[in-house]
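Below are the chains, spelled out letter by letter.
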Amino acid sequence: MSSWLFLIPLLPLVAAVINFLIGRWILRDSAQWIATLAVAASFILSIPVMLEIMADEQPLSQHLYTWIPAGDFDIPVTLFVDQLTAIMLLVVTGVGLLVHIYSIGYMHGDPGTYRFFSYLPLFVFSMLMLVMANNFLVLFVFWEAVGLCSFLLIGFWFRRRSAAAAAKKAFIVNRVGDFGFGIGILLIFVTYGTIEYAAVFDQVGDATQTTITVIALLLFTGAIGKSAQLPLFVWLPDAMEGPTPVSALIHAATMVTAGIFVMARAYPIVYESSDAMMVIAIIGAATAFIAATIAVTQYDIKKVVAYSTVSQLGFMAFALGTGAWIAAIFHLVTHAFFKGLLFLGAGSVIHGMHEEQDMRKMGGLKKYMPITYWTFLIGAAANAGIIPLAGFWSKDEIILGTWLYDHTVIMVVAFVTAFFTSLYMFRAVFMTFHGEERFDPEKVHPHESPKVMTIPLIVLAFFALTAGFMGFPPEDGWIHHFLIHSFPGLSLPDVAFSTIAVFAGISTLIALSGLYIQYLAYVKKSISPAGIAGLLGPLYKLAANRWYLDEIYDVLIVRPLVAFSMFLWRFVDAQVIDGTVNGVAALVTYTSSQWRRAQTGLIANYVVMIALGAVIIIGAFMLFGSNLFD
Amino acid sequence: MDANLLSSYIFAVVVLNVLLGLMAYMTYFERKVMAAMQDRVGPNRTGPVGLLQPIADGIKLLTKEDIIPKHADRRIFLLAPLLSFVLAPVAAAVIPFGDSINVFGHEVNLYVADINVAALYFLAIGSMGVYGIILGGYASANRYSLLGGLRSAAQVISYEIILGLSLIGVFILSGSLSLVEIVSQQSETLNLGPLQLPNWFILSQPLAFVIFLIAAVAETNRAPFDLPEAETELIGGFHTEYSGFRFSFFFLAEYISMIIISLFAATIFLGGTDGPIRDGVWWLAIKAAIFLFFYIWLRTTVPRFRYDQLMGLAWKVLLPLVLINILLTGFIRLWGLGML
Amino acid sequence: MAAEVLVFNLLSAVAIVAAAAMITMRNPIHSAIALVVTFVNVAAIFVMLRAEFLAAVQIIVYTGAVLVLILFVLMLVNQDDLPEFHGAKPLQQVFGFGLGIVLLIEIGAAILTRTVVAEPGPWDEQGIAQAGGHIQSIGQVLYSGYVLPIQATAFVLLLATIGALFLGRPDEDEEPTPTRRPVATISLAHTRGADDAPLPQLQAANVKHEAGDRDLIMARDADEFTSIPGEDDEQKERSE
Amino acid sequence: MSELMPEHFMFLSAALFIIGMVGVLTRNNVLVIFMCVELMLTAVNISFVGFAWEFNQLTGQIFALFVIAIAAAEAVIGLGIIMALTRQRDTVDINQVRELRQ
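Line by line, the protein sequences are chains R, W, G and V.
Under numbering that gives the first Met the number 0, the first residue of the first sequence carries the number 0, and numbering increases by one thereafter.
Under numbering that gives the first Met the number 0, the first residue of the second sequence carries the number 0, and numbering increases by one thereafter.
Under numbering that gives the first Met the number 0, the first residue of the third sequence carries the number 0, and numbering increases by one thereafter.
Under numbering that gives the first Met the number 0, the first residue of the fourth sequence carries the number 0, and numbering increases by one thereafter.
A portion of the hints provided could be inaccurate.
[Stated by the list, open to error] Just a few of them, taken from the derived set where beta-carbon distance is under 7 Å, the chain V residues facing chain G:
(1) 3
(2) 11
(3) 17
(4) 25
(5) 40
(6) 46
(7) 60
(8) 61
(9) 65
(10) 66
(11) 68
(12) 78
(13) 84
If you are wondering where the hints come from, they were derived from the structure by calculation, not from laboratory data.
In this text the structure is predicted, and so the values were computed from the model without any measurement.
C-beta atoms are modelled at their ideal positions from N, C-alpha and C, and glycine is treated no differently.
Next up, chain R with everything else stripped away, as it sits in the complex:
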């Protein structure tokens, strides 16, 4: 199988290139089929890879070519698949395939379809190469490539001003993180003299503790940007300007989890530094909590799901930080399913509501779009952690991890966040599908989406229901035994069933209480959400305004930067640089106007000068010896 590995990323790339080159004139609508078939083929090819890994427990690798041969130092492009990568392969190609199919319906009639179906497989290609890289440089290249695809897809409707701005914001904010990530890779190279995973991991211990901490934190900087952690998560909610399938694939299931994936990939480095892990845990927990509080106050259905994503990514991050590595990846996988489902469901709602995203103008949609309702409900329940859905198992394991590894404060925060999770999820469900119809029936005629959109929903719902059993029984499931090979030196904790049961009970209780509160608030109307908001006063305002993060950035970063840029432009560029250039030019003009007098225009004079020069040079040569020109 390893000789066919290259086909998995290659096929989407070929599809992307074909669609990009001839999609506009020749393929038109058939572009979508090329892209979908390519991703489907990749998915099908990924299955035997997974089976082989499961059977052999040995990583596969295929050397493609040497990208940078420079003396002793060379960068090979080698595909590398171990257990972690194999799971990521299936997630990326599987969710990718479903999103492609969904997009066929969602993007129907859009004039830029060919472009969309060029960017989307390009993203799949980049993401696959990212997870299959075997060294940090190739990883970084495709890390940037997925960023580029994200930029292109967020700004897909680039004529819309907000979409263009959101794309720029995502790109720029990500660059902040990538800067640190790049420096981290440089530091790895400087420290270990190589950037290949295996070689680096073999000699992790050779470096000082401080160096390892710095490397780990720099790598995490990249993850902060890509995986939308505090303080750089501001781009992700804005990224909802892109088409909804993009949000589902890139900003929920795959790309944003790349940060988590990289941290897991760099496990031998991160694991060496307890300080770094502590920082990661704190940032992750803070992200999870803040995003969850914001999510409760949002009215845009996609924004709710987006903040939910940020919150869940925070969960994964602090799982990494606390040491629950496998739980983080487990949550990554389940999250890919149910968050992809939620986004696609939200997209279906938006599609059915004629591009309406405000939940205040929805309500009672249950009877208009039953499939969407049920699948969305399953996704929401999975996200909220209702037993026995996928989210329950993974999230519960993360919280269990905080306790197992003695992070009590984070455990408390996690429970609170889980409560908020349940709150915002069911708030979204009830506001959208239950209660009175708040839309204008004259203008809006809600309808169920076509089959091509609902089938992916059903498939994802199936996985959201069942994917959790990969990790059953907790801490001892199939996924744990499978992934443990990717984390050498890690052992599965031996947890008593009673402990698990207690945590499961608390989790379930919290989730159900959130459900009940929202049921009272939005279905029974016995609690007034506005009243509670008024009661909380400034706290509510804080959350509703997204903790004023954008405003803080504006004051702290954007305005000084603008002022500094103005200074650079008005003074440094216009005065100093232009002045220097113009001054040099003026000087040259003056000098040459003087020297011009030497140019008589008489060829005879020039010839005399040439001859004179030759005579002088030969004379000097004769006088000072032949070593003059050595």
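Keeping the supplied structure of chain R fixed, place chains W, G and V upon it in accordance with the hints.
Quick look at chains W, G and V alone, frame taken from chain R:
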């Protein structure tokens, strides 16, 4: 001084004198042939059947008054015909008239010199021949002569390229520039199944041969390419102002050039002294005579080219053709050597 | 061998005298002839220096083509425009000769005081004979080590040809050569057009009486007494 | 002086080169200057060929060959320029051509 060098000198003297004699009777031959073609009698008063006519002509020219125009550039006016006359027979030095014969116990080579670059030498001497014409035309201080000289310069330079390039195919096949070597290669036999052919280069290079023939006519300023001296336009061209023995020098030079280029063509393309029975110098003479006849034949039948047609023919027709010929020959040669 | 030196000296002397003559001759055509003499002698020296091929090329290219072209151009140029040699700029003369003498002293000193040391190559008489002759040996060296320079040279020649064509093209603002007028005959004996109708412009001064009945009409150009129906009308229209 | 020495051709080369240079410096006629340049090139060729002869090498001859080829190209262009010049300015006096000044 070694004997070989001495025999070369002696042979050179012989060749030169034979050439001069031949040249004289070449004029007779030409006039007779033209007369026959134009349904006339031709010279028939001096001597039996007019055989003494060339000698009478010679005496007449030598005894005529030598006129130098008043505004002429005297030195060059005197130099130009000499230049033509001296350079013309020099090229004969490299033409092989046979292998060697035994005279009074000495081996005497039947060629003046076998130099490695014989063909190039021939072309070099040929290219010098234009000076006599162009300088003569210039020195006469006559517009017609000057125009003739200018035409001649352009014509000769153009056709020299064609002439040289047309030979390259032969050089590629023979692998040598030495005429002796080329002749000896042509005396081999080519077996094409039952057919036995002489390995003459006219058979392997027919296109080059035709082009060479055209270029040779132009190079010697003969009809239909006799534009330097076009009587109807230039009233005689570069030699308008020449008379007496100076004119005869130009005259002689032209005929010697014809003879030598005929010998050269016979050597390069028709196997030189190679013949079906008893190889020898007579075969060369017969072949050259055929060429000379062809010259006369052309003069009597083909009208003169217009000047732009002449240049167009060289640059737009013959040059591409000859380049194609070189390309094809090169490919075939490489293929024959197994390098393709 | 002394004879060799003698021949070399003789050839050199002729070459140098001819070269000196070239720069002192008033008439550029005489200069060109002197240069031909120099070049022919140089070619002969090339033969002495085992460069027969180069000698042939020297003759064919330099004397056979380049100098003929120069003569060609010299003859096209109006003789009255040729600048005089003497008396134009004495300073220039003095400076030129002075520089020449200084350079001669310098180079002479260099030749006499220094020796060139180099590794002798394989191409002596035997080596060349082994390769099959001068042409063969030159070909071997040329096409084994200098293929790229040959290509470059060929390219330069091509560019030069194109450049010369460009330089020699007729001026664009020049009137295009008029195509042949639709006149059928040029006759000195008849007024053209209608034979019987006399042409109005015909003056008595233009007509010469010849022997017999025929009159000669003296025309300054071929179209003077020719009326071309269509064209005359056009001209009239234009003037109106 | 019993044998042909390198000094022979070196002096010949130098003499021709210097004569050519003096010609370039003293003559006014563009065409004569052009001929002088050709003479200088030939002088250099003599050196090339002479050294090739002295050291039993062929490289010198090959360089001379290239010089001749480039000289041919130069002649073509140079004469073209001179023809264009005479057509425009009706002169071949080098001192009449002062376009390079501006």
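Quiz item: At a threshold of 7 Å, is the proposed contact between residue 61 (chain V) and chain G supported by beta-carbon distances?
Solution: holds, 5 Å
Quiz prompt | Restraint outcome when residue 17 (chain V) is required to lie within 7 Å of chain G by C-beta distance | solution = holds, 5 Å
Quiz prompt | Satisfaction of the residue 66 (chain V) interface hint, Cβ to chain G closer than 7 Å | solution = violated, 10 Å
Exercise. So, residue 46 (chain V) near chain G? Judge it on the closest CB pair being under 7 Å.
Key: violated, 10 Å
Quiz item: Per the CB criterion, is residue 68 (chain V) less than 7 Å away from chain G?
Solution: Holds: closest Cβ of chain G sits about 5 Å from residue 68 (chain V), inside 7 Å.
Quiz item: Once the shortest beta carbon distance from residue 84 (chain V) to chain G is found, is it less than 7 Å?
Solution: violated, 10 Å
Self-check item: Residue hint residue 25 (chain V), partner chain G, criterion CB-CB below 7 Å
Solution: With a minimum Cβ separation of about 4 Å from chain G (threshold 7 Å), the hint on residue 25 (chain V) holds.
Practice problem: For the hint on residue 11 (chain V), just tell me whether its beta-carbon gets within less than 7 Å of chain G. | Solution: At about 5 Å, which falls below the 7 Å cut-off, the nearest Cβ of chain G leaves the hint on residue 11 (chain V) intact, so it holds.
Quiz item: Does the interface hint hold: is residue 40 (chain V) within less than 7 Å of chain G, judged Cβ to Cβ?
Solution: Where the cut-off is 7 Å and the nearest Cβ of chain G is about 9 Å from residue 40 (chain V), the hint is violated.
Quiz item: Hey, does the residue 3 (chain V) contact hint survive, CB to chain G under 7 Å?
Solution: holds, 5 Å
Quiz item: Does residue 78 (chain V) meet its interface restraint, that is, does its C-beta lie within less than 7 Å of any C-beta in chain G?
Solution: holds, 5 Å
Practice problem: May I ask you to test the interface hint for residue 65 (chain V) with respect to chain G, counting a Cβ-Cβ separation under 7 Å as satisfied? | Solution: At 6 Å from the nearest chain G Cβ, residue 65 (chain V) passes the 7 Å test, so the hint holds.
Going down the numbered hints, you'll see the structure goes against 5, 6, 10 and 13, while the others check out.
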